[in-house]
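2 protein chains.
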Amino acid sequence: MSQSAPRETGKRDNAEALARLREVLASGDEARIAASVAAFHPSDLADLIESLGDDERVAMLSALPAGVASEALVEMEEEEHPEEILVALAPRKRAELLQQLPADDAVDLIADLDPEERAQLLAELPVEEAGELRDLLLYGEDTAGGLMTTELVAVPHHLKAAQAIGEVRRQGREVEAFYNVFVVDEQRRLLGTVPLDDLILADPERPVAELVVPPLATVLPSMDQEEVGRLMSRYNLVSVPVVLEGGRLVGRITFDDVIDVLEEEQTEDIFRLAGLYEEEVRGEWSDAVRGRLPWLFLNLLTAILAASVVYLFSSTIQQAVILAAIMPIIAGMGGNAGTQALAVTVRRIALSGKAMPGRWRVVVKEVVVGMVNGAALGALTAALSVVVGGHATLGLVVLLAMWGNILVAGFAGSFVPLLLDRLGIDPAVASSIFVTTFTDLCGFLLLLGLGSAILL
Amino acid sequence: MSQSAPRETGKRDNAEALARLREVLASGDEARIAASVAAFHPSDLADLIESLGDDERVAMLSALPAGVASEALVEMEEEEHPEEILVALAPRKRAELLQQLPADDAVDLIADLDPEERAQLLAELPVEEAGELRDLLLYGEDTAGGLMTTELVAVPHHLKAAQAIGEVRRQGREVEAFYNVFVVDEQRRLLGTVPLDDLILADPERPVAELVVPPLATVLPSMDQEEVGRLMSRYNLVSVPVVLEGGRLVGRITFDDVIDVLEEEQTEDIFRLAGLYEEEVRGEWSDAVRGRLPWLFLNLLTAILAASVVYLFSSTIQQAVILAAIMPIIAGMGGNAGTQALAVTVRRIALSGKAMPGRWRVVVKEVVVGMVNGAALGALTAALSVVVGGHATLGLVVLLAMWGNILVAGFAGSFVPLLLDRLGIDPAVASSIFVTTFTDLCGFLLLLGLGSAILL
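Read top to bottom, the protein sequences are chains P and E.
The first sequence begins at 3 in our numbering and counts up one residue at a time.
The second sequence begins at 3 in our numbering and counts up one residue at a time.
If we strip away everything but chain P, and leave its shape as in the complex, we get:
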């Protein structure tokens, strides 16, 4: 065997592999092309294909056996648009590719096509398979139905262990990596599962019904994928059955889908908090400009709002120009404290799921934290202002403004995401950018308002 060292991403020797591949591709010899990548894992092959030009990609996938080509397509990054390669293939080839794939992967692949192209592809498939894909396409991409595969191993409850193993052998040939055997009644309603290891360990004569473990959890096809992920992660499930309202088993979701969901949600949360929407991690600069500029314009409007507060206090600043220097400290520290409260709250919501206990106690906690941190930071900044500015009233103004702003930051950083969540909106939309604008506005108002009232 190959004593393989741990491979990290398989991208290290990419350049060399790519050069070799291009040479073989140019030869047009299908057997040589297939042989040159035979040793590759689909994920690594997908990386290689992503490094090719559009025409090369099509030539490559045309030359590969359908089983290899289809798996590589599935492993490509979404933003590389594997579905466009699929469409560019010869009709017979692309139908063959789709048939090789588990139904959930096939649906993911064609879900991004426009309706006419998709209808064309489905028309090229055998009626039964096309019907199955159409059924799956009806579920939203972000739901359990969109995530599940319909291929699974299910045995009737009246079999004995040895018979069940026989049945598993028969069905297992068609099904990729299964970890649990589902047990169903005559109407294909789910009774439970038998872990594969238990089935092997059992006395061959024992009825399967005695080995059945009731499912720890089942999910409906309409369940949000994030909830599915939370459920499987909570109970350490390697797979979870998807059932209809009446209990009929229609599919299963496996751990690898959940890992993908977790990574997706992770990127989304971080991006939203940073004021990024619909941006791809590896996108081009032009996509980044298109994605970010509208939000920056929106932020510009809110920044102008904050600035107009300063403008209104022009004469105050002219009389006590030191306030102009203290302004950014008050506003900035409020923004920082607000961002901290926001991150903790958003994460707490994400980890707790819908049934978050003690929701509003979080706001109380953040206000208390703001009160304490605000007093400490306010006192320090006030002392410094008195030293530089030379009179005690300035210290009082700075203390109150800093204290107030950090308290408000704690409130806004926790209340806004909790409120959004309660309203059914993604709490991460309350990005730090908006909280920052809010604390800017508040900080300016407090400092300059108090300044003109007390100081002048």
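FYI, nobody ran anything at the bench for these hints, they're computed from the structure.
Among these hints, one or two may not hold up.
The list treats identical chains as interchangeable, and a pair is accepted whether it falls inside one copy or across any two copies.
What the hints assert, rightly or not - Each computed SDA-like pair below joins lysine to any residue, with the alpha-carbon atoms no more than 20 Å apart: (1) Lys162 <-> Ile202; (2) Lys162 <-> Leu203; (3) Lys95 <-> Ala61; (4) Lys95 <-> Asp57.
Start from chain P and add chain E according to the hints.
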């Protein structure tokens, strides 16, 4: 069977269950206590225990059978300090609990104890088991060695399929949820795996050696847990073998560990970006103050640095007070653009792993994005300034300052995390708080510097 509806977190009916549990606990009747929670999943039981007071927790775990109690302890949140309950139990009981657990879970549980308490616990265990735990304790908590379990099913390569199934039956009784059977040579060096489903499907007379699949990946005990997660997620592995340098099999890591790692890393990334270090999602206000205040003080110092730039330009502001109103717009927009660049870059590094291709091209992309967005935002803000301020030179100053600051933001937001990553430091440490301070400083310098040079 119970046609269980999808349960989301099991916390919904917590209050009622808790009241009932307290009643039973007060009775002190061990059999009744055990019976009252017999139907609970360990995760749900752990939630219940977390709602109890310290003394109740100990009473509860003393009353439960060791198998149930140990699993519930493992499922408790780290911040609830399950190890303290363990230590509070009677010596015989706690030794029994530790012996019930897979070695990796037992190690996680006792890793947070102080050395004397840990030594005491280990002394209460049989020599062999204590030795195994001591071995695992030597690996860092965040490494493959710290993550792995040493319990696994491994068969010698010379067996036939039917013999191997017999061997799996024998070993399998001791091992929790295994998905792959490892195949080893006489020196227990890993040859590969046989998926459990393949073993069942195989002709009973076929030698195991013919069924062996070389491992897609193996990891060394020293590998960072984040790398392990990336590897398993990339290749959709349900488990990965841990081997020593010579190829000797010492443990395995399963998908559920990886899901935990992913969630942990996700929290860590979001927290670091928000300037939070070592804070617990469900921590108390006093912990939050202790965790956040030092960083806010550090930020205060950098904010004072930025403010002192403003202070230096006091006379400029006095002569053109409108600059004080424009200041926060320039600084704030720079901060927003920098946060966006930072989030994309940090996420890109996290998803790519150590071998990130095209590292420095990311900086070029972000500078280009900053150039385009800066020009657009600068032009708009400049136009507005001319309308409000009444002279064209002010527009020029504003345009150049905004443009420059957003360009700098793109550079800093991408270069700093990439540099940190190259230096082996977590790139998320380049939190948006620091980028924001940097763009504040830069924005003030540009606006006020250009203002005093061109405007006055």
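Each hint, compared with the structure:
In this assembly of identical chains, the alpha carbons of Lys162 and Ile202 lie at most 20 Å apart whether taken from the same copy (12 Å) or from different copies (16 Å). Taking identical chains as interchangeable, the C-alpha atoms of Lys162 and Leu203 lie at most 20 Å apart whether they share a chain (13 Å) or sit on different chains (17 Å). In the homo-oligomer, the alpha carbons of Lys95 and Ala61 lie at most 20 Å apart inside one protomer (12 Å), although the nearest pairing across protomers, at 66 Å, exceeds that limit. With identical chains, the CA atoms of Lys95 and Asp57 are at most 20 Å apart within one copy only, with a shortest distance of 16 Å there and 68 Å across copies.
When each numbered hint is compared with the structure, no violation occurs for any of them.
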